[in-house]
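Enquirer: Sequence:
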Amino acid sequence: MSSTSNATGPLALSTSGSVATHCPYCALQCAQTLTPAPGGPTPVSVDGRAFPTNRGGLCQKGWTSAEVLSVQDRITMPQIREGDGFREASWREALDTIEFRLRGIQAVSGKDAIAVFGGGGLTNEKAYALGKFARVVLQTPYIDYNGRFCMSSAAAASNRAFGVDRGLGFPLADLNGAGAVLIMGSNMSVTMPPFVQHLSGVRERGGLIVVDPRKSATAQLADGGKGMHLQISPGTDMVVLLAILHVLIHEGLVDESYLAEHTNGWDDVKTSVAAWWPERAEIECGVDADALRQAALVLAAASPHQGGPGAYILTGRGMEQMSQGTAAVTAAINLALALGLPGRVGSGFGPVTGQGNGQGGREHGQKADQLPGYRSISDPAVREYVAGVWGVPADHLPGPGIPAVQLLKKLGAPGGPRALLVHGSNVVVSAPNADDVRKALARLSFLVVCDMVPSETALLADVILPVTQWAEEDGTMTNLEGRVIRRRTAVAAPGEARSELWILNRLAARLGYPTGFSTDPQEVFAELALASKGGPADYSGISYERLDAGEEIFWPCPESDGEPHPGTPRMFLDGFNTPDGRARMVPVDHHGPADDVRPDAPVYLITGRVLQHYQSGAQTRRVDSLNAAQPSPYVEMHPLLAERLGLEPGAMVELESARGVIQARAVVSDTIRHDTVFMPFHWAGAGSANRLTNDVTDPTSGMPEYKVCAVAVRPATRIGATA
Numbered sequence: 001m002s003s004t005s006n007a008t009g010p011l012a013l014s015t016s017g018s019v020a021t022h023c024p025y026c027a028l029q030c031a032q033t034l035t036p037a038p039g040g041p042t043p044v045s046v047d048g049r050a051f052p053t054n055r056g057g058l059c060q061k062g063w064t065s066a067e068v069l070s071v072q073d074r075i076t077m078p079q080i081r082e083g084d085g086f087r088e089a090s091w092r093e094a095l096d097t098i099e100f101r102l103r104g105i106q107a108v109s110g111k112d113a114i115a116v117f118g119g120g121g122l123t124n125e126k127a128y129a130l131g132k133f134a135r136v137v138l139q140t141p142y143i144d145y146n147g148r149f150c151m152s153s154a155a156a157a158s159n160r161a162f163g164v165d166r167g168l169g170f171p172l173a174d175l176n177g178a179g180a181v182l183i184m185g186s187n188m189s190v191t192m193p194p195f196v197q198h199l200s201g202v203r204e205r206g207g208l209i210v211v212d213p214r215k216s217a218t219a220q221l222a223d224g225g226k227g228m229h230l231q232i233s234p235g236t237d238m239v240v241l242l243a244i245l246h247v248l249i250h251e252g253l254v255d256e257s258y259l260a261e262h263t264n265g266w267d268d269v270k271t272s273v274a275a276w277w278p279e280r281a282e283i284e285c286g287v288d289a290d291a292l293r294q295a296a297l298v299l300a301a302a303s304p305h306q307g308g309p310g311a312y313i314l315t316g317r318g319m320e321q322m323s324q325g326t327a328a329v330t331a332a333i334n335l336a337l338a339l340g341l342p343g344r345v346g347s348g349f350g351p352v353t354g355q356g357n358g359q360g361g362r363e364h365g366q367k368a369d370q371l372p373g374y375r376s377i378s379d380p381a382v383r384e385y386v387a388g389v390w391g392v393p394a395d396h397l398p399g400p401g402i403p404a405v406q407l408l409k410k411l412g413a414p415g416g417p418r419a420l421l422v423h424g425s426n427v428v429v430s431a432p433n434a435d436d437v438r439k440a441l442a443r444l445s446f447l448v449v450c451d452m453v454p455s456e457t458a459l460l461a462d463v464i465l466p467v468t469q470w471a472e473e474d475g476t477m478t479n480l481e482g483r484v485i486r487r488r489t490a491v492a493a494p495g496e497a498r499s500e501l502w503i504l505n506r507l508a509a510r511l512g513y514p515t516g517f518s519t520d521p522q523e524v525f526a527e528l529a530l531a532s533k534g535g536p537a538d539y540s541g542i543s544y545e546r547l548d549a550g551e552e553i554f555w556p557c558p559e560s561d562g563e564p565h566p567g568t569p570r571m572f573l574d575g576f577n578t579p580d581g582r583a584r585m586v587p588v589d590h591h592g593p594a595d596d597v598r599p600d601a602p603v604y605l606i607t608g609r610v611l612q613h614y615q616s617g618a619q620t621r622r623v624d625s626l627n628a629a630q631p632s633p634y635v636e637m638h639p640l641l642a643e644r645l646g647l648e649p650g651a652m653v654e655l656e657s658a659r660g661v662i663q664a665r666a667v668v669s670d671t672i673r674h675d676t677v678f679m680p681f682h683w684a685g686a687g688s689a690n691r692l693t694n695d696v697t698d699p700t701s702g703m704p705e706y707k708v709c710a711v712a713v714r715p716a717t718r719i720g721a722t723a
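When you line the sequence shown up against the working numbering, it's residues 1 to 723, in that order.
Check before you lean on any hint, since a few could be wrong.
Below, computed lysine-lysine pairings styled on DSS-like, alpha-carbon distance capped at 30 Å [what the hints assert, rightly or not]:
id	residue 1	residue 2
1	LYS111	LYS409
2	LYS410	LYS111
3	LYS226	LYS215
4	LYS111	LYS439
5	LYS111	LYS533
The hints are simulated quantities; they were obtained by calculation from the structure and are not laboratory data.
Based on the provided sequences and hints, a complete structural model is requested.
Expert: This is the structure in structure tokens:
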């Protein structure tokens, strides 16, 4: 069964010259219509377009997205470092420089001396080509990407339980018919506002439950008398899940027949949650025991085995970006399975993907241990097949690399990579323990950054290469539902900006591979589809022709000899992607934050986003209206904490963690716990939240513990601390 938009035919161009495409920001991938606007304030005008995820709506970022196309400091020519600054260069000189430096470094230090860092905003084609370039041309195992900071814990838990990771295993519109939706650690009212319309039905039925240390905008949707907001102590999301499952078992409300028919490991999980009765959980997580019981009853009443209209459990970065993130998502999966939700129409479990192509970006080769189709690079049969598609022997391909945080720590260290190529990421703002990341980049012999603007990471580079933006390129993206969609060119790129496909083609040719790296996105996608054939993320039945005919196809969509495969909007209806078709339940337990509060750091810091900005802010901080609405970082704190510190609203406050010191203005609000402060992470410099965050990682996923650490909070005594 495939899903189609409201269009009735090909979507590429209308008679007015308008182009149907999708927003450059989050994984909702809201549909847009772009119309060239010669002489206007922006190269194109933006309108929302009817589409199942956004239904014509856009958020502030989407409406203003065209402004980034022509920002004043847009990079339009290659830049080569000269002293403390840069000079413009031709493409020939820039590529000559890169070829010479890479060859020299590898000649002295070996293939492993080059590393690649990608991004979850790259199109499927560019993500695929980047992974292929690293393994075939550079022959380095050292490739990973910023999606490691986004979905890795959810991916690890889903792969372990279901044998596949597809974020939401159902169309977003299915949520509207639910009787209950439990949202763990996601504030989609701010991060992807058009998402909220899909919660209107469950809100009316009183079944929306939001777990968050803050009374966020999403929590406020549930806190109006009909739903529930469980205001946990930071880092205790898993405790809520364990306690709810304990209640369901005690009350005889689990779906025993579903568990017997569709899962393995239930008895061990059942035993493991016996210790998490609600009163004990209340002490740990700060949520009243009766509220935990009520949440359990709401979920059970909505579940299919109790005759309810359906229930969903959604997870976000708030619980996943932890050193126990994989275990926390596993607890959510265990709860969903105990209620019999996965694989049933009208119910389900799903992590809410964040980055624009966070789903597709991790499926086709950017992750350290993966080849296209979401397959292990260590699997001999997979290596043989993909190497055959790429026209090289299997032993030509390197083995698995290391996750992003480990990779960044290894840069420039003895035996570590000496050169780094960065595509679509601003690591000195977005990575945890950012001051150490900056030091690691400074240790490198050579840094190349592909970017559209002079981001904080680009400004540290030896060579900056100007690249195209979303409205200037063709390609495909895969949204949070696993829906493959088309991105289309609406306007020419300025100056000498080029697609990464062109850049990789030219570099590959210079480094000894004159063929195999097409600059045509359609050809690259066809090769990607072939390389993914037989994998969990099988795109082999998808083509540009099908997508341009108006289809938005959900993977897996295998190649078919007869009628084209319709795609898979709803996962697991016929069983799970495991050898025996049964989901694997794994016992987990809570251990709390790695950097917990203590006498010299008695306050929790949690981080997140604001409505106006995206990721590291490299794009949105350049849009005047967005910057005016939210011009600077801030520290949100409870009135009791502000009073204790003698702080007035707007005063400068200093936060210190074990990793650094930052300053920002105080915002006083009773929507946050009195033992917690919140900071958005979109800024660099003195107010960069990720200078404080902990780079300890989840042992399974490699996810860093962004979401909670201990800080000292005090009035700022000296103004202007810098990175």
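Enquirer: All hints are to be evaluated individually against the structure, with a verdict given for each.
Expert: Status of the hints after comparison with the structure:
With a C-alpha separation of about 18 Å, the suggested pair LYS111 and LYS409 falls inside the 30 Å cut-off, and the hint holds. For the given pair, LYS410 sits about 15 Å from LYS111 by alpha-carbon distance, which is consistent with the 30 Å threshold. With a C-alpha separation of about 15 Å, the suggested pair LYS226 and LYS215 falls inside the 30 Å cut-off, and the hint holds. In summary, the hint linking LYS111 to LYS439 is supported, as the alpha carbons are separated by about 23 Å, within the 30 Å threshold.
Between LYS111 and LYS533 the CA atoms are separated by roughly 29 Å; this keeps the pair inside 30 Å, and the hint holds.
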